[in-house]
Structure formats: C-alpha cells, structure tokens
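Asks: Respectively, the protein sequence lines represent chains A and B. Last residue of the first sequence: 199 in our numbering, with the numbers rising by one and none dropped. Last residue of the second sequence: 207 in our numbering, with the numbers rising by one and none dropped.
Rather than coming from a laboratory, the hints here were simulated on the basis of the structure. Because the structure is a prediction, the values reported are computed rather than measured. Any given hint could be a false lead.
[Stated by the list, open to error] Taking lysine-lysine pairs in the BS3-like style, the calculated list, with each CA pair at most 27 Å apart, reads:
#1 Lys88(A) / Lys143(B)
#2 Lys17(A) / Lys143(B)
#3 Lys69(A) / Lys113(A)
#4 Lys149(A) / Lys101(A)
#5 Lys170(A) / Lys6(A)
#6 Lys17(A) / Lys69(A)
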Amino acid sequence: MLPNLKVENLSCVRSDKAIFDDVSFDVLPGHNIEIIGSNGSGKTTLLRTLLGLITQDKGEIVWLDDAGKYHNYRTFECLYQGHQLGIKNLLTVFENLNITKHAKGMSQEDIYKHLERVGLSNVNEFASNISVGQRKRIAMAKWLLKEFKIYFIDEPFSALDDTATLLIEKLIKELNAKGCSFVITGHRPSGIEATRVEI
Amino acid sequence: MIAFRRSSTYITPLIFFLIVVTFFPLALGPQESLLSSLAPGVIWIAALLASLLAVETIFSEDFRDGTLDDFFISLEPSFILVFAKVTIHWLITGLPILVASSIAAIILYLPLDSFIPMLLSLLLGTSFMSLLGALGAALALGKSAILSAIIVLPFSVPTLLMGTSVITSSLNNQDFSGFLMIMGAMLALGIPGLCLLTVEALLLNYE
Numbered sequence: 001m002l003p004n005l006k007v008e009n010l011s012c013v014r015s016d017k018a019i020f021d022d023v024s025f026d027v028l029p030g031h032n033i034e035i036i037g038s039n040g041s042g043k044t045t046l047l048r049t050l051l052g053l054i055t056q057d058k059g060e061i062v063w064l065d066d067a068g069k070y071h072n073y074r075t076f077e078c079l080y081q082g083h084q085l086g087i088k089n090l091l092t093v094f095e096n097l098n099i100t101k102h103a104k105g106m107s108q109e110d111i112y113k114h115l116e117r118v119g120l121s122n123v124n125e126f127a128s129n130i131s132v133g134q135r136k137r138i139a140m141a142k143w144l145l146k147e148f149k150i151y152f153i154d155e156p157f158s159a160l161d162d163t164a165t166l167l168i169e170k171l172i173k174e175l176n177a178k179g180c181s182f183v184i185t186g187h188r189p190s191g192i193e194a195t196r197v198e199i
Numbered sequence: 001m002i003a004f005r006r007s008s009t010y011i012t013p014l015i016f017f018l019i020v021v022t023f024f025p026l027a028l029g030p031q032e033s034l035l036s037s038l039a040p041g042v043i044w045i046a047a048l049l050a051s052l053l054a055v056e057t058i059f060s061e062d063f064r065d066g067t068l069d070d071f072f073i074s075l076e077p078s079f080i081l082v083f084a085k086v087t088i089h090w091l092i093t094g095l096p097i098l099v100a101s102s103i104a105a106i107i108l109y110l111p112l113d114s115f116i117p118m119l120l121s122l123l124l125g126t127s128f129m130s131l132l133g134a135l136g137a138a139l140a141l142g143k144s145a146i147l148s149a150i151i152v153l154p155f156s157v158p159t160l161l162m163g164t165s166v167i168t169s170s171l172n173n174q175d176f177s178g179f180l181m182i183m184g185a186m187l188a189l190g191i192p193g194l195c196l197l198t199v200e201a202l203l204l205n206y207e
C-alpha cells in the first residue's frame, strides 16, 4: 500500500528562526498522523505548509496520483479545518453546510441527516448565536459531505465536551475504515489510533 | 447571499454617494450652469470614494472565518475565486452607484444627452475600481480598514481622469469614444492582471 502523501525532512524558517525542522512522515490510506506540540511550536504552519499555503524552506512534500506516481504538487482534494472553522455567522447552521461545494446536488434531507449525525438539531439558528462547540460540530458535519483521501484538522479536540470528543473519535474510525486518513494536531496525544510526530 | 444579508456593505456606499452629491447644490446654490459644469468631477469623485468604502470587506471576513483557506486549498483556480469576489463586490457597490448616478445627474443639472456617456464611464470605471479595490484589500488584509483605500486611491487617478473626460466631452459635444475605449482597455487588462496580482497578494498573508 503506497502512502498518499510523503513528507521528508521538511523545514520552515521565518526571520532566521526555525518554525519546525526535519519533519518526516508518510500518510498511508486509512492511517492517521497526529502532530504533537506546544503552543507556537508550528503545528498550524506545518499543516498550511503541507497544503501549499506556505512555502517550505527545505524538504519534500509529494502526493500520490491515481496512476501510482508521485508529484510535488497536490493531486487530489483534501479537507482542511483550521482554527477558524470556515463558518459564516450570517448563515444558519443548515445554510453553512448547504453552501459548501461538496453539498452540491445533495438533498435537504441528506444535509439534515449529516447535521443530526453530529448532534445538531437547531438547523435554522444563525451561526452567530451558537457556541464554539456547536460551530465545531458544523465543521465536523462537513467531513461527512464527501470522503476525502486526507483530512487535515487543526486541534480537533479543543473546546469540546466528552460527547463531542467521543463523536470525533468515532467519525475518524469510520472514515479510516473507508480508507480516509487524518493528519491532526494537538497539544497532547489523543485517544485516536495514530502515528505521533512531535515538533 | 452573505453579501446581501450584510446590508451595510451596499447601503453605506450608496447613501455616501448621494449625500456627497447633494451637498454641492446646498453649498454652491442652485445655479444650473455652475452645477452642470462641476457635475462630471463631482459625480466621479463621489463614485470613486463611495466604491472604496466597502473594499475592505471583499476578503476580510473570509480571511477571519477561515473560508479563504478553503478556497486556496480547493483545487479550483484561485483566479476564478478572486474574479467572482470582485464581481459580487461590483454588484453590491458599483451597480447601486450606477443607478444612483442618474439621480445625482438630475440634482446637478447634467443634460439628458450626457446620461448615457456618464453611465458608460461609470460602468467601466467602477468595475475597474472594484478590481483595484480587491488588490488593495488583499494587500491590507488583517490591517487597518482605511489602508486599502489609501493604497488604491493613487492608482485610481487615471480612471478618474478618463471618467470625467467622457462626461465633460459629451457636455461640450465632443467625441468621447476614445476615452471610453481607454477605460475599456484598462478593464480588459485589469481583469486578468489585477486578479492574478490579488491572488499573489492574498497568498502573502499566509507567509
């Protein structure tokens, strides 16, 4: 089984200071990578570097295409969930999910089903009126719209209660079983099965 | 949908435009010849400043709430995203100004013959201003709201000169098509050029 993403000796330097240095890992289908580090250790920068938003200073990031060849550009669509979650305050919970590209062609019932799955029943509530935990649940519902090869999730377990934490772990396990991988960040190891990378 | 729900984005420039235009007859008095000779400059300066009022909002919210990350991470061309954002910005700020300019023209005693040249110049000019505004907004992302307007204003001088020249020429019964052609050429070059520069400016915010 070939890794969908290979990261080798990746380094990022800003203002003569190494944000992270010599990071290497492979993302195999159905397997997870958990990047562990303290505040300001460059976890978000690493995720953004992997996705091409920030240019790396050293190292290599290669992506597998459908023909089994590696390229130094991204060959497939991924899901990225940063700290800001991509939730629009002026839209309702339902609309936040419905406007996403991956909900195109999906019936209202399917969207309601995904929202119900993550424990959201207040679908007509404006996102500005809901809690941080509930906003995270909207973001989680986005995971279910399409099966991505790799999900890049920045600190998925922060600001969540135990029920939501268990739900995330369950969703990750389910998606892993379908061959999807997760690259997540955190301050300490979480309960999910993953290869840990410390930065 | 989001842009239309945030009514201040399109109401503020429109009200600003009409207030500025209305102040001139109040300050100078209702002298038809004076007001109609000043009309090209007044309408264009008011339109220019009004269209800059909302430029900061083009990308700021998407940057703050993380939607901009999604756009860049999707495999869609970023150029299309920027062009779509500029088009929406023009529809919610430029188009209302275009409609309100007819009222402004009546207030300033602009002859009816000059209405079409005025509308054409504003159509091309405000579209170009939205493109320029997007670049300013991208460069000033996450910084002071006024900064984007300050970046854009010096570069808007050619548009202002061409726009006022179109209306002034039509007032003097002169051929104005050359000025319109230059404005059209600026817009045609601005669509690919400024959109690509805006993409690069947006990406700078991640570095």
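Asks: Against the structure, test the hints numbered earlier, and report the numbers of the ones violated in rising order.
Replies: 3, 6
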